[in-house]
Amino acid sequence: MKTQKRQPLTPALSKPSEIRSVLTGVPGLDAILGGGLPEFSCNLIAGSPGSGKTTLAQQIVFANATLKRQALYFTVLGEPTLKMLRYQREFGFFDPELVGTAIQYVNLSEEALERDLTAVLERITTEVENVEPGFVVVDSLRSFLGRGTEEEGHGVMSLDSFMQRITLQLATWEVTSFLLGEYAEHERAPVFTVADGVIALSQVADRNSVVRKMQAIKMRGRAPMPGLHTFRITDDGLQIFPRIPEQQLHRRPQGVHRLGSGVPGLDELMGGGIPSGDAVMLAGPAGSGKTTFATQFAAEGLRRGESVVIVVFEEYPEEYLARARARNQDMDASVRDGKLKLIYMRPLDLSVDETLAEILEAVSSLDATRVVIDSLSGFEVALAPAFRDDFRESLYRLVGALTATGVTIYMTTEVVGDYPHVRFTTEKVSFITDDIIVQHFVEIDGVLRSVLAVHKMRGSEHTHDFRTYEIGANGAVVGGALRNYRGITTGVPAREVATHRQGYLGLTSQEAAVLETLVRLGAGSYDLLVEHTGLPLGELKRVLARLASLKYATFTDEDGGTYRAVAQVGG
Amino acid sequence: MRGLATEQLTPEDSAPGTAVAAAFACERMCRTLSRTLGAIGSRALLMRALSQAQAEHRALKEVSVSAKAAVALDGISLATAAHGEPAVVAGLEGVLSALLALLGRLIGKDMVARLVAQSAPLVIAEEGDK
Ligand SMILES: Nc1ncnc2c1ncn2[C@@H]1O[C@H](COP(=O)(O)OP(=O)(O)OP(=O)(O)O)[C@@H](O)[C@H]1O
Ligand SMILES: [Mg+2]
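Those protein sequence lines, which keep their order, are chains Y and L.
Using our numbering, you'd call the opening residue of the first sequence number 1 and step up by one each time.
Using our numbering, you'd call the opening residue of the second sequence number 1 and step up by one each time.
Any given hint might turn out to be false.
[As the list claims (entries may be wrong)] Covered stretches of chain L (chain Y as the covering partner; in silico rule of three or more C-beta atoms under 8 Å from a C-beta of chain Y):
# : stretch
1 : 28-39
2 : 101-115
[Said to hold, decoys possible] Label-pair ranges, simulated between beta-carbon atoms:
#  : chain 1 : residue 1 : chain 2 : residue 2 : range
3  : L       : A101      : Y       : Y396      : 53 to 61 Å
4  : Y       : P190      : L       : G17       : 54 to 62 Å
5  : Y       : E187      : L       : A113      : 24 to 32 Å
6  : L       : A101      : Y       : T101      : 16 to 24 Å
7  : Y       : R86       : L       : G17       : 29 to 37 Å
8  : L       : A101      : Y       : E90       : 39 to 47 Å
9  : Y       : G221      : L       : A113      : 35 to 43 Å
10 : L       : A113      : Y       : R336      : 40 to 48 Å
11 : L       : A113      : Y       : A171      : 33 to 41 Å
12 : Y       : A171      : L       : A81       : 28 to 36 Å
13 : Y       : E187      : L       : G17       : 52 to 60 Å
14 : L       : A67       : Y       : D236      : 41 to 49 Å
15 : Y       : E129      : L       : A117      : 20 to 28 Å
16 : L       : A81       : Y       : P80       : 33 to 41 Å
For the record, the hints were derived by calculation from the structure and aren't laboratory data.
Cβ coordinates follow ideal geometry from the N, Cα and C atoms, glycine included.
The shape of chain L in the complex, shown without the other chains:
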């Protein structure tokens, strides 16, 4: 279930502000949402959010939603090498906000906030188990 970013690096390696940490945040958000929306649903959401963000961030050109894992972002290191860390981080922040905006339009901002808060502890517990 882990994305490329987290497969190669442990969370400790992903210092705040790095592209890996930003990708990890996106993936974690999707995993959080996937309890409620299902893996299929949250993956579809991530794909839409990514393509929306790509329209504004050239640095996300190499980034894609992994074909193998349920919810993961591929191509982070490629993108960082090509565009530099800050641009990729900004792009990934764009992905996250596009995702939340999309969700907000679908079910209302109030519910999004609750859904995001809802299963966070569970996800952390899962990760701790591994």
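So that you can see chain Y by itself, here it is in the shape it has in the complex:
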């Protein structure tokens, strides 16, 4: 037997006339309804075929029906009861023990098909008066049935008039009731006016994903949350992800203290670290080390005893942990200790509210201070197509709600294209971030180097310099400034003046420059080296000979001479 938690009615308040609430037992729904359903209300659940009307009604009934307050579930023209029981019993909320006891199923398809709606209404009346239930469901009435067939004097009842009559009838019975009806999205039948509450379900198939939406069109005596809310049907039934109300998006005052980024050298650039509560965006091209930086940010938090939530879209948590382990960041113990939670978001049919609900849940259960979202590009891809169109708004709501909890958010995003066009991509998300770090690959003296710069820090001083960074066995390390290069943002910077060089033992600065070029190129012919160092050939040959004599380089006689650096660069 399944252990089912019954939702008790909230206790009656002082006034006897106080309307009590029926909690639906459907995750997220009570919040949308403005605190459950009013007791004895008559509610219309409207939606297209397969939108989840039956499942919603069943879920509410299973959460509420007891032997003292039974539920009568009438099947009028819904799916055959046998089939419905067969499919519904697969849901986690379904409890076979309640069938035939607390919940009684009554099939009226014969009355509806072979007689008319008057007969249906009579049967419902008889059953309700016999059983005296607390809940009544009528599943379901299709809009085409009887529409416009009511003829004067023929006694044939139209669907509209049936719906209105049963609503009036139900009002006198002290039952909380649900009428399920197949109505098109913008259809407004007269019953919408008579019913106390109207819940509309819809689904949009978009390529190979389905997005389900719910709207509390009206709820008498309640203040339902406006707008369309996403919901999902899983083995446990419906789960609704309430749209975050605007007022929750207001910013929480930022703390003064700074969080270590975990990347040596980066904190200095950011005026001493990341201000707590900020939303940081790390943007860079593919392979720039975004995940490495993000992992270090997480590991730094763990090292300081903070709790961390990492949201990944592109790989499974195990893979993510394995990759971190390979970088000497063993986070497995933190997962075991409940200090770290990895959330893997299943791709392709997510809604933002769903993602957010899961992240917020993890943040509050771990009391996390850092959230890593790696990456936003993955998030965008993971969203159902219907949400991608409005990615900006989705992201705004995601970051807004997370910010309100006070966590520091570290997001990565992949930037495509050459630098001048990169702006466009980050612009899409920069409006929600407090701090932006941008990574580039630049060619310096013919060598591709990784550099980064802090582009923006809200309310804080920061360095504008470009810095090189290296990713080694122990992760990323930010190095020296590239202050002497112009045009870094073009990807091909030019040196303005002779840069400061670390002292290569016994070398002039010219010789050091050639060696550095050689180190970056790995090897190079005279032609290539002339091109990269800008030295005349004779001068270059002299320098290379000297480097060779000092064992900084070797000469191989291939197509006009190739030099190769051999010695470790000093420093």
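Since the structure of chain Y is provided, determine the placement of chain L with the ligands on it from the hints.
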């Protein structure tokens, strides 16, 4: 709504162990189920159960689900005359167990037991009214 067996004989006449009593039991089961499954659904179930049982019981050859009444078995007296009472009773017991087995496969044995228990008092009350 009454089947042939019960139209011709009152329940008092259908002494336990007779074909009429067995047919009556099948019909009553279907009427019980028809509250939950609908007359159409329970009639369809009875038809499937009967044809399954007919494969094993030659004595059910003449028996059919009535075309006129919602849920009723026809041809019981014909079958009894042709095959003898015990064979027909055994066949009808086969119908009943085929019906419950069928239902059990569809919605689970646990729920079948509850459905059968559920509306029995109501059906008896209905019958008492008539
Ligand atoms: N375990 C499950 N996981 C995910 N989705 C499910 C699951 N079980 C059912 N569904 C989905 O739920 C929907 C069926 O819901 P339901 O039968 O409640 O709809 P309905 O509005 O009553 O439909 P109809 O108008 O046909 O009666 C289907 O779209 C189905 O794909
Ligand atoms: Mg349905």
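So, going through the hints one by one against the coordinates:
1. 28-39: This one holds; 6 residues, not fewer than the three required, reach chain Y with a Cβ under 8 Å.
2. 101-115: holds (count 8)
3. L:A101 x Y:Y396: 53 to 61 Å: Given about 58 Å between the Cβ atoms, the range holds.
4. Y:P190 x L:G17: 54 to 62 Å: Given range 54 to 62 Å: holds, Cβ gap about 58 Å.
5. Y:E187 x L:A113: 24 to 32 Å: violated, 42 Å
6. L:A101 x Y:T101: 16 to 24 Å: holds, 23 Å
7. Y:R86 x L:G17: 29 to 37 Å: holds, 35 Å
8. L:A101 x Y:E90: 39 to 47 Å: violated, 21 Å
9. Y:G221 x L:A113: 35 to 43 Å: holds, 41 Å
10. L:A113 x Y:R336: 40 to 48 Å: holds, 45 Å
11. L:A113 x Y:A171: 33 to 41 Å: Between L:A113 and Y:A171, where Cβ atoms are some 36 Å apart, the hint holds.
12. Y:A171 x L:A81: 28 to 36 Å: violated, 58 Å
13. Y:E187 x L:G17: 52 to 60 Å: holds, 59 Å
14. L:A67 x Y:D236: 41 to 49 Å: holds, 45 Å
15. Y:E129 x L:A117: 20 to 28 Å: Roughly 22 Å apart at Cβ, these two residues keep to the hinted range, so it holds.
16. L:A81 x Y:P80: 33 to 41 Å: Cβ of L:A81 to Cβ of Y:P80: about 37 Å, so the range 33 to 41 Å holds.
Hints 5, 8, 12, counting from the list given before, are not met by this structure.
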